[in-house]
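> Sequence:
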Amino acid sequence: MDYLDCLNTAQTEGVINTQGPSMIIAGAGSGKTRVLTYRIAHLIKAKQVDPFNILSLTFTNKAAKEMRQRIELVVGTDARNLWMGTFHSVFARMLRAEAGKLGYPSNFTIYDTEDSKSLLKSIIKELHLDDKIYKPNVVYNRISGAKNRLISWKEYSNNPVLKAEDESSLKPQLSSIYQTYVDRCFKASAMDFDDLLFNTDLLFKKHTDVLNKYQHRFQYVLVDEFQDTNISQYTITKKLASVHENICVVGDDAQSIYAFRGASIQNILNFEKDFPELTIYRLEQNYRSTQNIVNAANSVICNNQAQIKKTVWTSNPTGELIDMIKAETDNEEGKLVATTIFEQKMNNQLANKDFAILYRTNSQSRAMEESLRKFNIRYKIYGGLSFYQRREIKDILAYLRFVINTQDEQALKRIINLPKRGIGPGSVQKIIVAAYDHDISIWKVIQNIGQFLPGRISQAVANFAIMIKSFRIEAERRDAFETASFIAKGSGLLKGLYKDKTIEGLNRYENLQELLNAIKEFVDNPENDETSLGAFLQEVALISDLDNQPDDEKNKDDNDTVTLMTIHSAKGLEFKHVFLVGMEEDLFPSQMMLSSRADLEEERRLFYVALTRAQEKITLCHAATRYRFGRLKTCEPSRFMEEIDPKYINVVRRSRKTIQPVQNVIYSKRLFSNLQSTNNKKFSRINHIPSPDFEPSDTSNLSEGMKVEHPKFGFGKVVEMDFEGSIRKAKVNFNNFGEKTLLLSFAKLKIHE
DNA sequence: GCGTAACCTGTTTTT
DNA sequence: CAGGTTACGC
1 MDYLDCLNTA QTEGVINTQG PSMIIAGAGS GKTRVLTYRI AHLIKAKQVD PFNILSLTFT
61 NKAAKEMRQR IELVVGTDAR NLWMGTFHSV FARMLRAEAG KLGYPSNFTI YDTEDSKSLL
121 KSIIKELHLD DKIYKPNVVY NRISGAKNRL ISWKEYSNNP VLKAEDESSL KPQLSSIYQT
181 YVDRCFKASA MDFDDLLFNT DLLFKKHTDV LNKYQHRFQY VLVDEFQDTN ISQYTITKKL
241 ASVHENICVV GDDAQSIYAF RGASIQNILN FEKDFPELTI YRLEQNYRST QNIVNAANSV
301 ICNNQAQIKK TVWTSNPTGE LIDMIKAETD NEEGKLVATT IFEQKMNNQL ANKDFAILYR
361 TNSQSRAMEE SLRKFNIRYK IYGGLSFYQR REIKDILAYL RFVINTQDEQ ALKRIINLPK
421 RGIGPGSVQK IIVAAYDHDI SIWKVIQNIG QFLPGRISQA VANFAIMIKS FRIEAERRDA
481 FETASFIAKG SGLLKGLYKD KTIEGLNRYE NLQELLNAIK EFVDNPENDE TSLGAFLQEV
541 ALISDLDNQP DDEKNKDDND TVTLMTIHSA KGLEFKHVFL VGMEEDLFPS QMMLSSRADL
601 EEERRLFYVA LTRAQEKITL CHAATRYRFG RLKTCEPSRF MEEIDPKYIN VVRRSRKTIQ
661 PVQNVIYSKR LFSNLQSTNN KKFSRINHIP SPDFEPSDTS NLSEGMKVEH PKFGFGKVVE
721 MDFEGSIRKA KVNFNNFGEK TLLLSFAKLK IHE
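Under this note's numbering, think of the first position of the first sequence as 1, with each following residue one higher.
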């Protein structure tokens, strides 16, 4: 098989041994995704397995999409029928088909975290509990944790250990909140994220015929990022694979960073117990990073006690040391990063997309953003508020949700008085209470409001009911796009946003249009086998912002941007030059993770993930003071930086002066496009080590015709002098590298003539 | 029921 | 700092 040529021995083993249970322990950068994709391709091409019989589970939609594309490259369009996706999306799809067996309609709503918390909040209120003790956040995590361990509300209330825990934290009523919450979700025909897994397991337990069907169908089951699976995910997967036992899990315990979400390394140990026939493969050669990076990362992770022994090594060049930069404030940190990116681009002929700035918390992106703007460096932020979480989008989605599922209590609460129709929170509460008192649906109460609530409010509610009915009629006759535009107009949402002429209002209006475009695209896409509004809603409920959001469409041809994201979202990605900012105690490691050894070790693994994203260069930054919760605080350098073997670290001292000159200068786009065109791939990996005696000269008298030396490009001759804003630039023809444009405030040159 | 202003509080990562 | 909640006047 020709596609096996690009694999090493260990990788090939992992690809061709397709029968029986196997576990691939894959170190960072060892080609794990490559093995997984080729394994699937091998099944289809060499073993003639029908893609219909293969199930492949990942954690992000992006990973699934990428893998599908890579498989298609090898096997062609055969890959279409593969069941490949995130745990949540695959099982949501399964539940949609089998919902009736659990008493759910197939158009059930998926509650996101916001919906769940707001429901919990009202339940806590209705049970007359103090929301200062029963904080919705804490309650949510507690219930979520139970569901992830497949503990039902009944089992929860009978469990003495959990009961004792709740009593000692002064929350004895937690089990009744759990019970009410489950009941309300069911009555609203809604499932939260955890239900998608919990109910799948329930379905398999209650209906063995359904389990049987899928067990026989999925002859091969593959799981990516196995270290991040929680108990419910593992249990479901195990059940599905238990007939054919061709299950292959791929993961790296050193990169397990989702314990807070219920992931447990225990699964790796259980796997060995559950499948004693197991074959274990190890991928230990790193193809991604320089030796310095691999060794530095190893020197950090060996501080962890909980780990599976393995030796990650590389035959790549030694590479540069890890730079460590100290800034006085968080803003200066941003400036230093931007300056360094600018410099590196000039000196190493790199493009924006070669850089990533990673941080622990989303809020740290601000300072970075500001300074990158000042330097006119294009960037893209991932994470934070995703498109589908914006207020205006959630508003219209709530309308669509309610039209599809009139049981959806959370959607109703959102839209019943939006735009304002004189139905205040008091009336809404009365409607909900009436519904539960008479044990009928909220929608029934609204339709017959005169019987339940007297007075002028009933007229407003009746009008609302008429409007929703007209929407429902529309939804039956027309496709998703037409329905959505009809509702956007008919509800008054579009008009309200159109009237708002502030910048934000304009943005919101555009976002709404963008959403309508997205629905249109969904309807027109021939790959979607179902294009109903309900199908669209299910899809967007599970979309996260690492996947392409409508925003991306606008700048399709401008992909050369610096990447800004949290370390968590960077997992699975790689960049030439990684900046890791905010390396301070209490921030990274986070102060919330200092209480137990296990938590601290998870933070350390997170640090390990960050380090191993880099191919060539890492810059660690920390600030001496930083604004946190509105207060200026002094910050100590992170303990993690001291854990790196000092022989891989280079402490950079920068004078404040070097970061000043760029202000007030607007760099033309031309300069950057020039850079890109000269960015010949052949030179993108330059490992020129400057001679120890290289002393940059004063370049104030530099002029055309002079002979100069550059630390990376060697000798060359100045062809042309010019200005870029107030900064002098020189075009130099290098003997071995051709013409480069250098900004003299940044480039280090030695003059020889 | 609505709008505004003063007050309070949390303070991590994501499907 | 930002977002949510409360108190109060209309």
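Hint data in this document are derived by calculation from the structure and do not stem from the laboratory. Note that the coordinates shown come from a computational prediction; the quantities given were computed from them, not determined experimentally. It is possible that some hints are incorrect.
With a straight-line cut-off of 30 angstroms between C-alpha atoms, the simulated DSSO-like cross-links for lysine-lysine are [what the hints assert, rightly or not]:
#, residue 1, residue 2
1, K62, K576
2, K62, K117
3, K163, K326
4, K45, K65
5, K238, K206
6, K326, K47
7, K187, K444
8, K135, K125
9, K213, K163
10, K394, K62
11, K444, K101
12, K729, K576
13, K489, K430
14, K469, K187
15, K430, K135
16, K394, K47
17, K101, K47
18, K125, K420
19, K353, K65
20, K65, K132
21, K117, K326
22, K117, K647
23, K576, K647
24, K707, K717
25, K239, K47
26, K430, K420
Between beta-carbon pairs, the in silico distance windows are [what the hints assert, rightly or not]:
#, residue 1, residue 2, range
27, R477, H128, 44 to 50 angstroms
28, R366, V138, 26 to 32 angstroms
29, G426, T625, 30 to 36 angstroms
30, N448, G426, 53 to 59 angstroms
Note that CB positions come from ideal geometry on N, CA and C, so glycine has one too.
> Does the alpha-carbon distance linking K135 and K125 stay inside the 30 angstroms limit?
Holds. K135 to K125 sits at ~11 angstroms (cutoff 30 angstroms).
> What's the verdict on K65 and K132, does the C-alpha distance respect the 30 angstroms limit or exceed it?
violated, 43 angstroms
> Does K101 pair with K47 here, judged by a C-alpha cut-off of 30 angstroms?
Between K101 and K47 the Cα gap is close to 36 angstroms, so the pair fails against 30 angstroms, i.e. violated.
> Given the proposed pairing of K444 with K101, does the C-alpha separation stay at or below 30 angstroms?
holds, 24 angstroms
> Are the Cα atoms of K62 and K117 separated by 30 angstroms or less?
Measuring from Cα to Cα gives roughly 27 angstroms; hence the hint holds.
> Just to be careful, I want the Cα atoms of K729 and K576 compared with a cutoff of 30 angstroms; is the pair within it?
Holds: K729 and K576 sit about 26 angstroms apart, inside 30 angstroms.
> Are K326 and K47 close enough, with their CA atoms no more than 30 angstroms apart?
Status violated; Cα separation ~56 angstroms.
> Tell me if the beta carbons of R366 and V138 are separated by a distance inside 26 to 32 angstroms.
holds, 28 angstroms
> Does K62 pair with K576 here, judged by a C-alpha cut-off of 30 angstroms?
Holds. K62 to K576 sits at ~20 angstroms (cutoff 30 angstroms).
> Is the hinted pair K576 and K647 satisfied, with a Cα-Cα distance of at most 30 angstroms?
Holds - the C-alpha atoms of K647 and K576 are around 21 angstroms apart, at most 30 angstroms.
> When you check the alpha-carbon spacing of K489 and K430, does it fall within 30 angstroms?
holds, 29 angstroms
> Is the hinted pair K430 and K420 satisfied, with a Cα-Cα distance of at most 30 angstroms?
The given pair, whose Cα atoms are some 18 angstroms apart, holds under the 30 angstroms limit.
Violation of the numbered hints given earlier is confined to hints 3, 6, 9, 16, 17, 20, 21, 22, 29, 30; the remaining hints are satisfied by the structure.
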